[in-house]
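Here full-length UniProt numbering is used: position 230 in the sequence shown is 230, and no number is missing along the way.
Hints are not guaranteed to be accurate.
To be verified - Pairs of lysine-lysine residues, derived as BS3-like cross-links and limited to a Cα-Cα distance of at most 27 Å, are as follows:
hint : residue 1 : residue 2
1    : Lys-403   : Lys-438
2    : Lys-438   : Lys-488
3    : Lys-438   : Lys-479
4    : Lys-338   : Lys-438
5    : Lys-459   : Lys-403
6    : Lys-488   : Lys-514
7    : Lys-366   : Lys-479
8    : Lys-338   : Lys-366
9    : Lys-338   : Lys-364
10   : Lys-475   : Lys-459
11   : Lys-459   : Lys-488
Quick caveat, the hints were computed from the structure, so don't treat them as lab data.
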Amino acid sequence: MSNKTTLPLLDPALIRPAMQQALYKLSPRAQLRNPVMFVVWIGSALTTFLAVQTSTGQGDAPAGFVWAIAVWLWFTVLFANFAEAMAEGRGRAQAEALRGLRRTTWAKILNEPRHGAQWQLRESSDLRSGDVVVVSAGETIPGDGEVIEGVASVDESAITGESAPVIREAGGDFCSVTGGTRVLSDWLVIRVTANPGDAFLDRMIAMVEGAKRGKTPNEIALTILLVAMTLIFLFACVSLLPFSLYSVASAGQGTPISVTALVALLVCLIPTTIAGLLSAIGVAGMSRMMQANVIATSGRAVEAAGDVDVLLLDKTGTITLGNRQASAFLPAPGVSEKALADAAQLASLADETPEGRSIVVLAKDKFNLRGRDLHDAHFVPFTAQTRMSGVDIDGQDAQQHGKRHIRKGAAESVRVWVEEQGGAFPAPVQHSVEEVAKRGGTPLVVADGREVLGVIELKDIVKGGIRERFAELRKMGIKTVMITGDNKLTAAAIAAEAGVDDYLAEARPEDKLKLIRDYQAEGRLVAMTGDGTNDAPALAQADVAVAMNSGTQAAKEAGNMVDLDSNPTKLIEIVETGKQMLMTRGSLTTFSVANDVAKYFAILPAVFVGTYPQLARLDIMHLSSPSSAILSAVIFNALIIIALIPLALRGVRYRPLGAAILLRRNLLIYGLGGVLLPFPCIKLIDLFLSSMGVA
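Taking the hints into account, I'd like the entire structure generated from these sequences.
Here it is, written out as structure tokens:
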């Protein structure tokens, strides 16, 4: 069970540091990173200069009005800085716990790794990639690496939040270890794979803090759009002053527009709301991913997760519970069930997988067959290429039965192997394979040399609620594809029960890679999970690649996200988080553009009524005075940024709906709402200002 805590949305402990950061971010260099807010910063500086000028009796507007505009423009910049600082502060708070793990420890470096006899102490900060260290029970693993000798239980709760220890051993998919975790039993010899500053924990801290968060492609595109809109409004506002001067001079009456009013008009018309919140939305998206115990190595990966339309999911552990257990022995004609059980148990003695152990247990329970010591036996491990395992016996047991070459594995693989030995695959066995597959089980065929002995039935269970999750993804337009090494009949049965859209059976590493490339060639974005070295090519090819923290270093390096919980189902949650970030950005952009409508009706009549009295008809809110109208719009423009900070940090509520439905819903709420909401708000601010006698 996770001991991970979640920060409150607006933690009081973060507010004061965020205020300080908001002041630090007032420097021109910091503001240049956000072109739209830099224009506001220039406008604030200009109105401040004009306010000082009016205090000396010079200027084209009342001093109190100019000072009020200057103050609220600075607040607009500060509120935008505060939004970004709050998001970064939440990231830094999450990183503090991780930074506490990054402490200097002593490492025992082996001088002669092959003999394991000589070692010397060195600080963990001095370790380099390629160094070999030994870690014993009770000691902290000094750096990221791969186990090359030994097997031990490791406490990874400091990283994953899970209290249950995990087994790490040399070889296979569970050889990767993370610096800062602790060995609980036995010992490990580890080859370090990361230099100081490049370790997994260092990358986690940097990404969570947002210190190295680069802008994503969609964010860059939106920024370009916002800058273009800002330039258009800037040129329009600059051209208004000469028109106003000319109109007043031609008419011989009226008052030309003031520079202060023009600056206020410009700031209210450019998309300051979304520009002020854009960075906060991106940082908060990374933070929400961290709260899900997922480390994204780039903001691009989080954004891509929101655009994914194909999910590749492993069957075992993702769609099914993953604890396949042997449930029955189905012998071939002329073979006793006990003989099949005996051969199956021999082939499984060195198989440490749950399936292999369940075969040994079933043979023991049904026929009292127990494990035995085999002399001169060579165990054949399972590989993704052969999809078989087994044992070759040449010793004492062979004297009773002759030399034995026992194999168990996928039906098609065993068929090919038996035919290579000169044997034939019996039709009744093929029938048993098909029946097991139709029931949704996994058939393993056992052969002794050229003789096929029968079938082992393994049962797996589809996870509860997974069918409903896939239905939600289908509503969102996301295609789900199940990947399994099982035969096509078994895959079809599980796929039908789980409700996936498609499946890939008898999948090898190259098959996964080809499938991803085929989908990408159709213009689709593909996400997948993996934990083994053989998954690395497919992970490197996928647009969103989630590597399990329990997996190999190769898998984690190939992926662009790491799931600390090593939960394959997390991929669905990652996609939902990515979509939430995109929805939040789109919704607030829509709102930002829509709420400009009310500002037109507030500022344009107030600015030009002195030049063109007929524009007074546009004052549908019946604001108290031109100065009150302008100031009310500027105040609303600043306050709306503060009001939307919680939404930017929390994100727009995610709903598993189709793109067209989501678009209509968000246009109604944030488009129409963005048009209507400012009218009463600006009117209320105007009433408050007039009652206070400010404007």
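### Message
Can you confirm whether the C-alpha distance between Lys-459 and Lys-488 stays at or below 27 Å?
### Response
Given that 27 Å is the threshold and the Cα spacing comes to 16 Å, the pair holds.
### Message
Need the status of pair Lys-475, Lys-459: alpha-carbon distance at most 27 Å?
### Response
30 Å, violated
### Query
Does the alpha-carbon distance linking Lys-459 and Lys-403 stay inside the 27 Å limit?
This hinted pair is violated, its Cα atoms lying about 32 Å apart.
#### Entry: 27 Å limit on alpha-carbon distance, applied to hinted pair Lys-438 and Lys-479
Given that 27 Å is the threshold and the Cα spacing comes to 24 Å, the pair holds.
### Query
Does the alpha-carbon distance linking Lys-366 and Lys-479 stay inside the 27 Å limit?
43 Å, violated
### Message
Between the alpha carbons of Lys-438 and Lys-488, is the straight-line distance 27 Å or under?
### Response
The given pair, whose Cα atoms are some 10 Å apart, holds under the 27 Å limit.
### Query
Are the Cα atoms of Lys-338 and Lys-364 separated by 27 Å or less?
Distance of about 10 Å is within 27 Å: holds.
### Query
Does the alpha-carbon distance linking Lys-338 and Lys-366 stay inside the 27 Å limit?
Judged against 27 Å, a Cα distance of about 8 Å means the pair holds.
### Query
Given the hinted pair Lys-403 and Lys-438, is their alpha-carbon gap at most 27 Å?
Distance ~35 Å between Lys-403 and Lys-438 Cα, so the pair is violated.
### Message
Lys-488 and Lys-514 were given as a pair; does the straight-line alpha-carbon distance stay at or below 27 Å?
### Response
This hinted pair holds, its Cα atoms lying about 18 Å apart.
### Query
Do the alpha carbons of Lys-338 and Lys-438 lie within 27 Å of each other, as the hint requires?
25 Å, holds
In this structure, the hints that do not hold are numbers 1, 5, 7, 10, in rising order.
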